Every structure is written in structure tokens, then in C-alpha cells.
Amino acid sequence: MGDRVFCIDFGSAFTKVALRRDPGADAELLKNPVRRVDEADFSVPSVAVVDRSAGGFVIEFGDKAANRKPGNGIFVHQNWKKAIFADPPTPDGPTKSPLEALLGSDEFKELAARFGVPAAQVQHVSQLVSAASALSGVPARPVPTPEMTQHKVAASLAPHFFNWLRKYVLDACSRLKATGLNFEAIPVRLAVPAFAGGRGYESHPGCAILLKALTSAGWPVHPDRPVVTEPYSNVVGILTKATNVLHKGRVHIGNMFSRGPLITVLKDAKHHTAYRALVIDVGAFTTDFAALDLNPGGKDVDDPDVAFSLKQHSVALGVGELDAKVFAALPKEKGEWLKNVALPLDLVDFQHKAYGEGKSLKRVGVGTIGAGVESTIVRDCVVAFGEQLAAETVKFCDGLPPFPMQELILTGGGSNIPAVRAAIQKAAQLGGRRFVKIHAPDAKKDGDSVVVQRLDETFTRGGSALGGASIYFEKSFY
Amino acid sequence: MAKSKAPAVSVEDRVRQALRTLAESEGEMRLSGRGESPPLLDGTPTAIKTVVEKLKNASRPLVVIRAEGRTEYVRLTAEGFAEVFSALSPDQVVTVAKRVGGGLPIDKRVGFYDDVVRRVPEAAVGLLEEQRAAVEAEKADAETRLAAAAKRREVEEATRQALREWERLQDERRRVRVETLRRELEIEGEKVATTGPTVPPTAPTPTEARPPVSRLRAETKEDLTFRRQMARRLVSSWLEAWEMGKDEGRQFVETAIWNTAGFRIVGEVGDEVEFDSELHESPEGMSTGAAAKIVRPGWVMDEEDGGTYLVLPALVGR
Numbered sequence: 012m013g014d015r016v017f018c019i020d021f022g023s024a025f026t027k028v029a030l031r032r033d034p035g036a037d038a039e040l041l042k043n044p045v046r047r048v049d050e051a052d053f054s055v056p057s058v059a060v061v062d063r064s065a066g067g068f069v070i071e072f073g074d075k076a077a078n079r080k081p082g083n084g085i086f087v088h089q090n091w092k093k094a095i096f097a098d099p100p101t102p103d104g105p106t107k108s109p110l111e112a113l114l115g116s117d118e119f120k121e122l123a124a125r126f127g128v129p130a131a132q133v134q135h136v137s138q139l140v141s142a143a144s145a146l147s148g149v150p151a152r153p154v155p156t157p158e159m160t161q162h163k164v165a166a167s168l169a170p171h172f173f174n175w176l177r178k179y180v181l182d183a184c185s186r187l188k189a190t191g192l193n194f195e196a197i198p199v200r201l202a203v204p205a206f207a208g209g210r211g212y213e214s215h216p217g218c219a220i221l222l223k224a225l226t227s228a229g230w231p232v233h234p235d236r237p238v239v240t241e242p243y244s245n246v247v248g249i250l251t252k253a254t255n256v257l258h259k260g261r262v263h264i265g266n267m268f269s270r271g272p273l274i275t276v277l278k279d280a281k282h283h284t285a286y287r288a289l290v291i292d293v294g295a296f297t298t299d300f301a302a303l304d305l306n307p308g309g310k311d312v313d314d315p316d317v318a319f320s321l322k323q324h325s326v327a328l329g330v331g332e333l334d335a336k337v338f339a340a341l342p343k344e345k346g347e348w349l350k351n352v353a354l355p356l357d358l359v360d361f362q363h364k365a366y367g368e369g370k371s372l373k374r375v376g377v378g379t380i381g382a383g384v385e386s387t388i389v390r391d392c393v394v395a396f397g398e399q400l401a402a403e404t405v406k407f408c409d410g411l412p413p414f415p416m417q418e419l420i421l422t423g424g425g426s427n428i429p430a431v432r433a434a435i436q437k438a439a440q441l442g443g444r445r446f447v448k449i450h451a452p453d454a455k456k457d458g459d460s461v462v463v464q465r466l467d468e469t470f471t472r473g474g475s476a477l478g479g480a481s482i483y484f485e486k487s488f489y
Numbered sequence: 609m610a611k612s613k614a615p616a617v618s619v620e621d622r623v624r625q626a627l628r629t630l631a632e633s634e635g636e637m638r639l640s641g642r643g644e645s646p647p648l649l650d651g652t653p654t655a656i657k658t659v660v661e662k663l664k665n666a667s668r669p670l671v672v673i674r675a676e677g678r679t680e681y682v683r684l685t686a687e688g689f690a691e692v693f694s695a696l697s698p699d700q701v702v703t704v705a706k707r708v709g710g711g712l713p714i715d716k717r718v719g720f721y722d723d724v725v726r727r728v729p730e731a732a733v734g735l736l737e738e739q740r741a742a743v744e745a746e747k748a749d750a751e752t753r754l755a756a757a758a759k760r761r762e763v764e765e766a767t768r769q770a771l772r773e774w775e776r777l778q779d780e781r782r783r784v785r786v787e788t789l790r791r792e793l794e795i796e797g798e799k800v801a802t803t804g805p806t807v808p809p810t811a812p813t814p815t816e817a818r819p820p821v822s823r824l825r826a827e828t829k830e831d832l833t834f835r836r837q838m839a840r841r842l843v844s845s846w847l848e849a850w851e852m853g854k855d856e857g858r859q860f861v862e863t864a865i866w867n868t869a870g871f872r873i874v875g876e877v878g879d880e881v882e883f884d885s886e887l888h889e890s891p892e893g894m895s896t897g898a899a900a901k902i903v904r905p906g907w908v909m910d911e912e913d914g915g916t917y918l919v920l921p922a923l924v925g926r
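Read top to bottom, the protein sequences are chains D and R. The opening position of the first sequence corresponds to residue 12 in this note's numbering, with each subsequent residue numbered one higher. The opening position of the second sequence corresponds to residue 609 in this note's numbering, with each subsequent residue numbered one higher.
This is chain R alone, in the form it adopts within the complex (with noise of 0.2 Å):
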């Protein structure tokens, strides 16, 4: 009697499978071949080729690859985890996201952790010390790069001043010179023609250099529609990277945003709040002036009048 053959796996069910045994493992795990650590996909390279093509995807990675000394191991990524985590009990997420959260750099932390809760509410006291960590070293991280900042900027205010003593001194040099030539003139018993002293022109300050830029106005009602949808649409493309957890793709959004002229974010997120209408919004019922978290920012614009665009209020819980 012929052997019956096996159903063949599909290549995302073997992804699937190779991510759920990353995510239970409780050692490290190498990719494949053989080593001290036990591998990760079984087979020769041309069989697994697919799914490692699938894992290590460069748009998207689901596992990284580490390298310890002559070791490697993979880890899973944000994004495979993503993949995966419905299949795990809250426990096995708790544990799993303490892993990937700990590769994560800083600034992916918080929202990472935020992402976990979201999605499995239990997880939330396993990871309250995490994401307690997270919040602390994202603050000192922004405090570090704040430092950093005023130190720059200390250096270049220090290169400007610099360069203007430079300037000086050049018109200084060149007044000297043509005073000098004109009394050679004299001393010569040639006219000098007397068009008064020369007065050194001086170095033009930061503000003289470049005229200020007069703030964006709405002139007509049409710059102001106009201006009012390039708002709406700038804040739903950043809303639905929110939503997506698009964070990479979100922060150049947001980059826009707020670097355009009269916008204004509402929040961050964590914040705590009085709840107020003009400016949040809840999913239940809550009283003006309630204390409140907020889940996700929002948005405003300034506009010349004093009044305000509510482009997207932010989303507030209890």
C-alpha cells in the first residue's frame, strides 16, 4: 500500500509556527543549522529559504538576528510579536513582551508597551515595572537630549558671536587701510575728495540678516478652506498611522505637522487632564473638569483671529 503523503504547510503557516516557537522558547534559539542553542527552522537552506526571506524581511523584519561573541540568535521583533500574540496566554505575553520590549530602543518602548495593554488588558500588571522603566528612561533620555540641545545651541550662539567679532575686524582692518591711504594721498599734496569719515559698515545682527518672516495668513476665504483641509488630511494620515501602529511612518507625520505654522498638539500621551469638551473627547459619559489620562493626543490650529481649528480632539480615559 503507497504511503499517504502529508498536506503540504503553506510558507506563512510555517512563519506562523516558527514565531510562536520563538515566542514559547524559553532559551535563545539560533535561525537554523547547528550550534550550541537549538535551531529555529529545521532543513536544509534551499527548504527554509522562503521562510527565512519571510522572517528577515526587510521592510517589515518579524525576528533579528543577534550576534553574542561567535553566536548568534534571533530574537523576535515588535512586528513578529505582533503576529503572534493571540495565540499566547497572558501569561506567555507578559513574558514575551518583557523580552522584546527590553531590545526595543527607548524611544519605541512606552508606546510598545502601550500596544500590549491595549490589545491584552491583562498583561497590564506584569508590565506596570516595564513600562514604569520605560517611562523613566524615555524622560531621561529626553532629558539627555535636551542637555544636548542647549549645548549645541550654546556652541553655535558662540560660533555666530565669533564670526561677527571676525567681521568686525575685517572692516576694522580695511577702514585702517584706506585711512592710511588717504593721508598718503595728502602728505602726496593730491585732493582727497571729502565725502566725510568713512564709517565701517556694521556687522548686520542675526534679525538685520534675515528679514522675519511674517506668519502665514489666511488672505482669502479660499487660502483659509484651503488651509483647513491640508490640516484635516495632514491629521487623519497621522491618526491612522496612530491606529495602525505605524509608529516609524506616524513620527514623520508628526514631524510635519508640527512643524507647520499655527498647529498645536493637544497632550501626550499619559498626561493627566482635567476633561474638557473644547478639547477632548471620551468614550463614556464624563463631567467637565473630571480627571483624565489621555489614550491618544489631538490636534489644534491657531488662527490669526484668535480662534481656534479643532482639527482632531484628544481621546481621554478614566
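Bound-form chain D, shown alone (with noise of 0.2 Å):
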């Protein structure tokens, strides 16, 4: 019975957690302490840090890794999510034992011609290991290709990880106010990238290296539901507000989701046969699509969980591909003071001043950069993203079947620049596609018939965690 959750939105380069302390309670998402110019106040950094300086090894993670830099036995492993999840790595060409491997590396022959070696001599020892081992019967390892040695890596860190989250997290659960609540025994739940349609994610290898992280780090994991997929939690969080409702002692999803669309469509599947929740998440490195489902089949559902399919996209386009055709294009000086000078503190302005509000920012060393002429240079460059992300939003969206009702939801960073915004939210509705509710940051009503919601930073960036952590995904409450 899930009467209380946590839930770990588990991020490339960010993680956020939400608690629902109650069946009824709206969901929350915990404060970090340390708040940086360039993150939400619930983001806590991902990166993790591993330190060799002292012979032995110390991992560190959240504000204690942020912002470090490698060298001198430190070791910075930015996006090891990423590894985690990446297809199962192979071995990389024939079997060799190691000593093999190590002596056909290019690496020992560069050593080797370093210290005079002839190769001809490295060739010799190389067969004369291999000899060896052929007669000594020694079975061989594969050799570790860069992908599997990050693999690894990576999940050795994720139960350290875990382990530091939970230390952090009930800590700062100690900072809420009083609750009487044992925090400790509260069990976890956490938002993963959906695979293959958000369908068998639960058994991806990279799950099954989280949970068992999880476990080892001494979180009680979710009995009944362990793991969401990002979009659909994201999708349930946005909607709901990350309220829950109950009834009578069960969910009540028509005043969770504020009686919107979709709930129209559960309760009258005959005249309103499908609902589709568009998401177009704008990251810092990638644009993410996702189109969540439901196709009754002309049957009232009670349940919309099980109902639900999703299809996913993500492009390599993100807001940092916007700042580097910004920082080329400006005059030189400018271009590589904000590429290689500027700090977190003036970059925020700048993006905010530039991108959002078509203004500039002022510096007594490079002067005034986005005014004038340079102007007209920044806002080409955003309206060219916008086109690019606007043709990415056709693409991904002409291979959807039809819906008659539908909400758009944009979210990320990049949804918070109008000008972006706006080609985003025209491409969704070109070719007669139309939506009935949009939701995005300073979202402005387009035509008559459209309702508009606006999000704050809260959905927009913990919309994951606070839908994971959601009564929606408690099947005993239904």
C-alpha cells in the first residue's frame, strides 16, 4: 500500500526528488540547500566525482561534486546516466586475455617506441605470450571496449550515488516541518527514460542496475510500481498540479486531472474516442517528444494507467546549440568572452536578456553585447532554432495518427524563450492539428477556442518527480 512515496527523477545532469506524504497530500519537491545561479532551488547535480589524490578513493556527488575540475587524481564522471542506459556493450574484436590485449594495445606500442622497443620485438613477445597462454589452457577475457569500461563505471557509482542520495534526502525531510513522519521507512519510486514505447522498461538492464542500487543503499523500493517512464510521470505531474484527490478512500481521477480533457475521454469514450498529451521537452543538449496515448476503443476506462502508449523522439538540438551559433555569430570579442570568460551569473542574464526579451547585456570590458546591430544577429539566431525545432515538431509529429482531442505541454529550459516557443507551438499545429489545452511557460491564449496554463518552473523542470510521486500510480487506492 502506497500510502507515501518518494520519487527520484534520476537526470542526466540533474536530480530531483518529490515527496507525497500522504494518499491525499499533494506531492512536493524537496529544497536543496545549495542553490546555484543555473539550477532550480530542487535540482540537486547528478555529476559524480571520484577522488584519487590520496592513493585510496572518495566518491562525491551533488554540490560537493558541482563545478569541479579534473586533474591531480580527480576524476569527473559528468553524464554517467547515460552509460547506465546506453544498449548492453560488446566486447570489441577477437577474445584476448589481458596480458594479450595490453600488449596489442596501441598504447603499450607507443610506450614501446618511446623507450626505443623495436616492433619487431614487441611483435615477438606478443607471440610468445600468446604461446603461453594457449599451452597454460588460461581462459581469455574479452577486451573491455571504452563503452563497457564506462558502463562499468557507472554502475559501480550508482550505489554510492543512491547511498548519498538517501543521506541527502532525509536530511533535508528533517528540514519539513514537523510531520511525525518516519522518513526512513518511506518507500521510493524512480522516473526512468522510456523504452520501447514505455512498455517492458522495467526489465532494461539499466533499471535492473538502478534498483539493485537502490536496495543496496537501503531504500525501501516501491512494492507494487518501482519505476515510471519520464514522460508519463512528467505528462501526470503537469495535469494534476501534483495534487492528489481521494474519495471515499479511493483515487479520484476526475478531480486530480481538474476534469480536463482527458477525463473527458475516459468518461465518454463513445463521443470522444482518443487523447493524446503531447510533450516537447527543450533541454540544454537535446529536444525530447513524446506523445502519450489513449485509445479506448470506444470503452469507458477506469484505470487510464493501463490504457496508456507512448512514442518518443529525442534530437540532438538543445539550447546549447542556440548559445554556440549566438557566440559565432556575434562579433569576436563578445563571441568568445561569453563562450570562454562569462561565468554562470552573467551567462543566465544574458540568455534571459537576449533570448527572452530581445535586450542586451551591459559590461564595462566587452561593452554592450545584443544591442544595435547585434540585435538583429541574436534574434535571427533564435528564430533559426526556433525553425529548426519547429521542422523537428512537424517531423516527429506527421508520424502520429490523428487525435481529436489532444494538449500540448512544453517544457525545458528552451520553452522559456517566446520566440521559440511560439514556432514550437505553431509547427504541433500545422496540417489541421489541433489542441485543445496548452500548457507552457508564460503561455499566451491562441485562438478562441484554446485554453491556456501556464507553468512555472516547478512543473516545467520537476514535473517528473512530482507525477512519480503521484496517487495516480497507486493501484490499491483504485
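The hints are simulated quantities; they were obtained by calculation from the structure and are not laboratory data. In this text, all values refer to a predicted model and were calculated from it rather than measured experimentally. It is possible that some hints are incorrect.
Claimed, not checked - Keeping only pairs whose Cα atoms sit at most 30 Å apart, straight-line, the calculated DSS-like set for lysine-lysine is:
#1 D:373 - R:759
#2 R:901 - D:188
#3 R:829 - D:373
#4 D:80 - D:350
#5 R:901 - D:350
Dock the two chains into a complex; use the hints.
Pasting the structure below:
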């Protein structure tokens, strides 16, 4: 019985944790006491630092690991989540013993050449070792590829990360207003990337690694639903606004979803045959498209969870790409200052002013950045970026069957840029596609029939964690 | 055959040349004209007018004239030194830096030597003693200022107490006067309205006199966003002044930040600290807890819910 639950949205760059303290309580994001200028207050850096400077090794996460530089025995693992969820890596080339692999490696050949050992001698030693291995009958081991090594490192980091995260979460809970709750006993649910249409993701090796790591770190894992997919939990978090409603001990889906379009389809499937939530998340380096479809086939549905299907697509196009284009297009001195010198406290305001308001940032050393002609340059880059995202939006939407009842949800930092948001919004509605409701930061009414819902940072960046903590996923309350 | 004319030397080149000559000079020099010491600039007052104006520029003087008795000497300022240090050998840099640094006010000296060593690291050995003395002088100066501040505070407190006592005496006098009038009226047979004994108003304590100012609170998300943006812009200007070595300007911005509710400076230059990525950043790999020195302070803002907004991590080195 999931009376209360934590949901961890384990992101590539930042992790967010939400808590639902009681069945009918709103989910809340746990605040990080250390706030950096380019992060949300509830984000905690996922980066890992392995410190081998003193001979042994010390592993650090969160703000102790943020913004650290490698070198002097410090190893920084920025996006180790990616290695966990990458396709299972396979050995490279023929099977060899580790010693044979060493002798055959380019690095060893380079070392030998540096010491003046002729290549022929290296080859002879290699042959000798091969012959000796064959005679001894010692079974050979596969040569690890770089991906295998990264995967192994990431898998070994996971238990340490969740161990550290548990302490961080319990510490954050100790700062909450007195509740008398035993936070240590509250089970946890994990939001993970969606695979294969959102089905069978629980059996993905990456999920298995993370669930094992959670358990070994002392987290009680949710007994019925230990994992949810990120796009799905994001939609639930945003559409319910993190509210949880019970009526006579049963989950009240209608009130939770504010009697929105989803409820219309659930309650009257004969007249409203299908529902789709289209989520477009414009992040720093990627843009993720997800279509969460409910097609009940004319029958009323009590539990939408079992009837949803998911389609998603990701493109390597994010705000980082826009930054790169703007920095390259501006006069050299200013572009290089933004690219190489500017600190987050200046970049954040430059992006907000130049991309969002069409205004400039002033500095004594480099002058005004983004004024006059430069304003046009920045605007052109923003428009071009919006057009690229619009083209990707059309491509994704064209592959989807038409649904009469659709909601559009725009999240991620890129959705805060008005011109980008407008371009995506327009592209999503091309070809006669219509949305009955649009959720976006600073959303403006577009046409007479469209309802707009403004999203704040809590939902544009914390939606997955909030949704994952929803009572919507608790079967015992249906 | 006509004599070819020497190419005209620009004012900037003449200024640079004069600064270099002054830097390399082992003895005292006067600016121009005749005297016991050699002149820095040759030529008639009209010919050197523009160069002199550049050197004595009111907003950024490159040289300063010092009078000793009836003689006037010209000395390099820190700004003038910054213009020519790249043309000097490390040994010359040390010699000139000692001369220039010695003439600076105490609060500018440490920053000046820091700046020299940052630009010419080889000068560190030669300037170590000067820096040590400058730090000591700065410390002594700070102690003197602290003592003066404590004394001032003592005098202010004594004045406040005296004023309170003064006011109490005035009230007492008024009370006695009213009481005397009342008794005179009674003696004359007049009825006096009994409104209870006249209670002299007590002098307000300092806290009562001025209601406590509630701490600045961000009531809405917009308040918080605005407050954080102001914090970033102030610290950005402070950082730029720091990076450009504009100490005077930096001090004005620093004062504004310092006096803003919630702001806290992270470290002072030279402070020995244990590296902590929650407050510091290092340009190289550094372990948490490793011994480090503050190279440039940082700024944080304490927020109402107990969180800390890390506006600028302090820069540390080994």
C-alpha cells in the first residue's frame, strides 16, 4: 500500500526528488539548501567525482561534486547515467587475455616506441605470450571496449550515488515542518527514460542496475510500482498540478486532472474516442518529443494507466546549440567572452535578456552585448533555432495518427524563450492538428477555443518527480 | 641635398617612453625644466604640453608630483607602472614595484603587489618582504580603525545615555511644576479634576524609539527572481572591477553589496581554507578539504528559508 512515496527523477545533469507524505497530500519537491545561479532550487547535481589523489578513493556527488575540475587525481563523471542506459556493450574484436590485449594495444606500442623498443621485438613478445597462454589453458577474457569500461564505472557509481542521495533526502526531510513521519520507511519510486513504447522498461538492464543500487543503499523500493517512465510521470505531474485527491478512500481521477480533456475521454469514450498528450521538452543539449496516447476503443476506462501507450523521439538539439550559434555570430571579442570567460551569473542574464526580451547585457570590458545590429543577429539565431525545432516537431507529429482530443505541453529551459515557444506551438498545430489545451511557461491564448495553462519552473523542471509521486500510480487506491 | 625630416613620434609613444625612462631611472627626476635632478621631458612647455596632460590625467594619473622642500620630483603611479611593466625585466619590475608600492596608501599596497605578481610571477621572491610588510601594515591599520570605531561607538553610547538622562530630568521638572500648580489650585479652593497621578512619560529606549525593521522578505516568486537578478548584476560588476584591477570602483560596489541584507562575502584574499565546492571553485583538480588559499573572494546570499544562493564561488588556489 503506497500511502506515501518518494519519487526520484534521476536526470543526466540534475536529480530531483518529490515526496507525497500522505495519500491525499500534494506532492512536493525537496529543496536543495545550496542554490546555484543556473539551477532550480530543487535540483541537485547528478555529477560524480572520484578522488584518487590520496591513494585510495573518495566518491562525491551533489554540490560537493558540482563545478569540479579534473586533474591531480580527481576524475569527474558528468553524465554517467547515459552509460547505464546505453545498449549493453559488447566486447571488441577477437577474445584475448588481458595481457595479450595490453601487448596488442596502441598505447603499449607507443610506450615501447618511446623507450626505443623495435616493433619486431614487441611482436615477438606478443607471440610468445599468445603461445604461453594457449599452452597454459587459462581461459581468455574479452577485451573491454571504452563503452564497457564506462558502463562498468557507471554501474559501480550507482550504489554510492543512491547511498549519498538517501542521506541528502533524509536531511532535506528533517527540515520540513514537523510531520511525525518516519521518512526512512517511506518507499521510493524511480522515473526512468522510456524504452520500446514505454512497455517492458522495468526489465531493461539499466533499470535493474538502478533498482539493485537503490536496495543496496537502504532505500525501501516501492513494492507494486518501483519505476515509471519519465514522459509519462511528467504528463501526470503537469496535468494534475501535483495534487492527489481521494474520495471515500478511492483515487478521484476527475478532480486530480481538474476535469480536463483526459477526463472527458475517460468518461465518455463513445463520443470522444481518443486522447493524446504531446510533450515537447527543449533541454540544454537535447529536445525530447513524447506522445502519450489513450485509445480506449469506445469503452469507458476507470484506470487510464493500463490503457496508455507512448511514442517518443529525441534529437540532439538544445539551447546549447543556440548558444553556440549566437556566440559564433556575434563580434569575435564578445562571442569569445561569452564562450570562454563569462561565468554562469552573466550567462543566465544574457540568455534571459537577449533571447527572451530582445535586450542587451552591458559589461565595462566588452561593452554592450546584443544591442543594435547585434540584437538583429541574436534574433536571427533564435528564429533559426525555432525553425529547426519546428521542423523536428512537424517530423514527429507527422508520424502520429490524428487524434481529436489533444493537449500540448511545453517544458524545458528552451520553452522559456518566447520566439522558440511560438515556433513549436505553431508547428505542432500545422496540418489541421488542434489542441484543446496548451501548457507552457508564460503561455498566451492562441485562438478562441484553446485553453492555455501557464507553467512555472516547478512543473517545467520538476514535473517528472512530482508526477512519479502521484497517487495516480497507486493501484491499491483504485 | 635637403635634410630628411625625422618621422613624427606620437604622443602615446612619447608618454610610454617617458614612463619607461622614469621606471628605469635610478635617481630622482623632475618633470621638466631646469633643476638639480634630470628632467623627464625635454622641450618647451608648449612642445611637451600634451604629453604632460596625458601623464597627469586627472581621472587616471600615470605620474604624481611630490614636493620635497623647494624641489619637485616626479614618481610613477600604480597606473603608470601598469603601462610599462611589460617592457621591464623581472628585476626591474621588482625595483620599480617596491618604489611605487611604498608610496601607495596602506589599503592599496597588498592589492598592488598581488597584481604585480599575478602579471610577473618571477617578481614574487623579490617582493615577498614588501608584501609581508604590507600585510602587517594593513593588519595594523585595520586594528587601528577597529579601535577608533570602538572608541567612537563608546562616545556615541555615552552621548545617547546623557541625552536620555537629559530628557528624564526635563520630564521630572515638568511633573514637579504640574504638581505644584495642582496643589496651588487646591489651596485656592478650586477643584481639580482627578485624572490620576500624572505619570511622567518615560524616555523611549532606542528600540522603542525606532520600530525594528523587518528583514527583507521575498513574498512572491517574482520578488525572489528580482532579488536574485539584482544579486547577480551587483556581483558581476564587482567581479569585473576586480578582474580589471579597478580597486576604487570595486570598493564602491563592494560597499553596496556588503550593506545589502542577506549578502555574505566568502573569504578574503590570502585566507587559508579547506576546499569546499559548495563555496569555492578551483581552476585545477582539488580534493574536498584540501588546504587552499583564497585568490578572489566570492559572494553568497542567505535566503529566508535557510538556503544559500551561491552567486559567485570564491576562487581558490594551492
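Status of each hint after checking the structure:
Our distance criterion of 30 Å between C-alpha atoms is broken by residue 373 (chain D) and residue 759 (chain R), whose separation comes to about 43 Å. The suggested pairing of residue 901 (chain R) with residue 188 (chain D) is violated, with an alpha-carbon distance near 39 Å, which exceeds 30 Å. Between the alpha carbons of residue 829 (chain R) and residue 373 (chain D) the distance comes to roughly 25 Å, so the proposed pair stays at or under 30 Å and holds. For the suggested pair residue 80 (chain D) and residue 350 (chain D), the alpha carbons sit about 17 Å apart, so the restraint of at most 30 Å is met.
About 27 Å separates the Cα atoms of residue 901 (chain R) and residue 350 (chain D), which keeps this hinted pair within 30 Å; it holds.
In the structure shown, a violation is registered for the earlier hints numbered 1 and 2, in ascending order.
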